[in-house]
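Undergrad: Model the full structure from these sequences, guided by the hints.
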Amino acid sequence: MTTVDTPVEPGRGRVRSAMPNGLYRGLLVAVTALFVALVVWYLVSIIVQARPAFSTLGFSWIFAKVWNPEHGKFGLLPFILGTLETTAIAMVLALPIGLGTALALSHLVPHRLRPPLSTTVELLAAVPSVVYGLWGLIVLAPVFRSTVEPFLSSILGWTGLFNGPNDGVGVLLAGVILFVMVLPTMVAISRDVLVVVPNEQVEGATALGATRWQVLRKVVVPGARTGILGAFTLATGRALGETVAVALVIGNSPFIAHSLKAPAATLASLIVNNFGEATGTELSALFGAALVLLVIGVSVNALARVLVRSTDRAGAASVAVA
Amino acid sequence: MVAGGLAGAALLLAACSSSSTPATTTVPPGGKLSGANAAYIAADLKAPSGSITAAGSTFVQPFFTKAFYTYTGLNSGLQVNYSGVGSGAGITDFEQGSVDFAASDVPMSSSDLAKMPAGSGPVVQIPDILGGVSLSYNLPGVTKRIKLDATVLAGIFQGTIKTWNAAPITALNPGVSLPSNAIVPEVRADSSGTTYIFTDYLASAAGSAWTRGTSKTIAWPSVAIQTPKNSGVASSIQSTPYSIGYVELAYALQNHFTFAAIKNAAGAYVVPSAATVEADADQRLAVTSSDFSIVNQPGLTSYPIAGYSWAILLQKQKSATTGAQVVKVLDWTTHTGGGQDQAAGLGYVVLPPGLQNSNRTALLTVTGPSGQTLLTK
Chain F
525 MTTVDTPVEP GRGRVRSAMP NGLYRGLLVA VTALFVALVV WYLVSIIVQA
575 RPAFSTLGFS WIFAKVWNPE HGKFGLLPFI LGTLETTAIA MVLALPIGLG
625 TALALSHLVP HRLRPPLSTT VELLAAVPSV VYGLWGLIVL APVFRSTVEP
675 FLSSILGWTG LFNGPNDGVG VLLAGVILFV MVLPTMVAIS RDVLVVVPNE
725 QVEGATALGA TRWQVLRKVV VPGARTGILG AFTLATGRAL GETVAVALVI
775 GNSPFIAHSL KAPAATLASL IVNNFGEATG TELSALFGAA LVLLVIGVSV
825 NALARVLVRS TDRAGAASVA VA
Chain V
2 MVAGGLAGAA LLLAACSSSS TPATTTVPPG GKLSGANAAY IAADLKAPSG
52 SITAAGSTFV QPFFTKAFYT YTGLNSGLQV NYSGVGSGAG ITDFEQGSVD
102 FAASDVPMSS SDLAKMPAGS GPVVQIPDIL GGVSLSYNLP GVTKRIKLDA
152 TVLAGIFQGT IKTWNAAPIT ALNPGVSLPS NAIVPEVRAD SSGTTYIFTD
202 YLASAAGSAW TRGTSKTIAW PSVAIQTPKN SGVASSIQST PYSIGYVELA
252 YALQNHFTFA AIKNAAGAYV VPSAATVEAD ADQRLAVTSS DFSIVNQPGL
302 TSYPIAGYSW AILLQKQKSA TTGAQVVKVL DWTTHTGGGQ DQAAGLGYVV
352 LPPGLQNSNR TALLTVTGPS GQTLLTK
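Note that the protein sequences, when read in sequence, are chains F and V.
First residue of the first sequence? That's 525 in the working numbering, and the numbers climb one at a time after it.
First residue of the second sequence? That's 2 in the working numbering, and the numbers climb one at a time after it.
Since the hints were made in silico from the structure, they are not lab data.
Quick caveat, the model's predicted, so the values are computed rather than measured.
Even glycine gets a Cβ: it sits at the ideal position worked out from N, Cα and C.
In silico lysine-lysine, DSS-like type, Cα no more than 25 Å apart, as pairs:
{"id": "1", "chain 1": "F", "residue 1": "K597", "chain 2": "V", "residue 2": "K230"}
{"id": "2", "chain 1": "V", "residue 1": "K378", "chain 2": "V", "residue 2": "K317"}
{"id": "3", "chain 1": "V", "residue 1": "K47", "chain 2": "V", "residue 2": "K317"}
{"id": "4", "chain 1": "V", "residue 1": "K116", "chain 2": "F", "residue 2": "K597"}
{"id": "5", "chain 1": "V", "residue 1": "K47", "chain 2": "V", "residue 2": "K67"}
Partial selection, computed: residues in chain F whose CB lies under 7 Å from chain V:
{"id": "6", "residue": "N592"}
{"id": "7", "residue": "N776"}
{"id": "8", "residue": "N797"}
Computed footprint of chain V on chain F; a stretch qualifies when at least three of its residues, placed anywhere within it, have a C-beta under 8 Å from a C-beta of chain V:
{"id": "9", "stretch": "654 to 662"}
{"id": "10", "stretch": "665 to 672"}
{"id": "11", "stretch": "689 to 695"}
{"id": "12", "stretch": "801 to 807"}
TA: In structure tokens:
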């Protein structure tokens, strides 16, 4: 808030606002309430729309294996697994690569190169998802079919994860496209929190004889942990809910994939493909799928928080011991 | 991909083996356009000014977009806002009364009609454009156009014919050296009129060999790669060697895809084109909204995988002005001299004249709230 008549030295004393405290607080509460109301409204309308599916099908349909609206079967299990698999692939790639890029951009790359590189990363975040999807389908799929999938099959075939024909499209390609899509989020937010780690701490650690690598690992990354968690959570959310790009590259096969190369489908791709023409129980089941997706998103978020809190405690304990 | 090779002369690729009796059916002409057509078309362009909204089929959207754009160019007072939300969603919008007319690749069924609000009266459904479905494929090293029939297609799309050199395929293609690679069937992930027409053909022509029914959504086998929209399937075919999929003809023609010659009811292998799709439609002009299938028609030159898209409106319009706008725009769009003239350039097929005439008869039954006829000369 701007001060009007009383000049106040920065950082000292109480700032007397032109706006009365009560109004200020009231405004914030109102804004927050509006946000909460929007979320509740959204949640309630999804539940209302999904209810007919639950009342006709019970609850077991969520974990049933067969999706066949023609025969009244609306099993979501293949889509739940598809969602988790593709997101897992994306995040397993995005966490180290995204964090590494962010660290490089914040602490390693020469200063004059940082702005153009950062802009490039942020530019990637502005690419529409359908473009990523088409790029995946037209450019990446042939490369996966001819090179990546045969290579992975030859070195990792023993795991059983790469059985079957090299189709190009499928779980693996969808996961990789999601990785490319969430990378900008991961990098941009991580970099922003990494650069605000207090320089004193970095210099202090360096003065104590820590190598650059040790400084990054022991001081910078732990200092920015909460922000990195935020980046990870946002990126995961985007990966879980991405629709169009995934629909273009996953093959949309409503079966449980027995190989990472096999076509599959995600909850989001199921919704986007069927929403336009769905009526009755099918439409309701699609809202049910949206609800399941929401539950997955919230669970992942909560899980990440619990993990960080526990590592925080472990970190504090180790510091105390030291 | 090899260009479609659509020289007009190549309509009929090859007649079937000598065992097939040559079809004796003479192709009935599509009929003659009613004499008063020009007068109606001229009157259509004097529709009251304003704007109307419509929604539905994505298949017809490129045609509607061009036709309505042209219409507004000729009658700048009337704007038609069409949303390609999908046939099913268009019908739902129509049932809820939120659009002035709907478009669907499959006419409203009796169960759809049962959902109309009480008192809304009868629904008029007219064909608005004709289209075909191609079987486009990506077969590296094969330059000769392949031939397929319904039974083989049923096997391919049910996953029972697995490789390109399987006996049923090679039997239809003597002299073509087919690879031993696995076939990748490419299908629509979303509900689609294109899927309906293709499976209508399989159910009609392959008989019991096709077990998955006729529908806009099919439970495909797990080998099938499913991609949304015609453009998605088309891109997937282009980037997947040894794949085959069904793609709307307009789309396949514009992108110069390679597509198969399909065996028709007369036993001839026919390449899809505007002329062969029209030949198929000409065989069966008496279509209605409850009996609309035109797949697998007789006639040596008929391409057997074809179907109409339908415009849907209330017979008793709620407003005389909106009603007049709707019937005039639809009359103009579904007639030669009006919107149908835009069809060929976009890869669609012009409605047979006989159907254009029956469209006019149907639109003449549409009235305003007080029973007055809205379509005028």
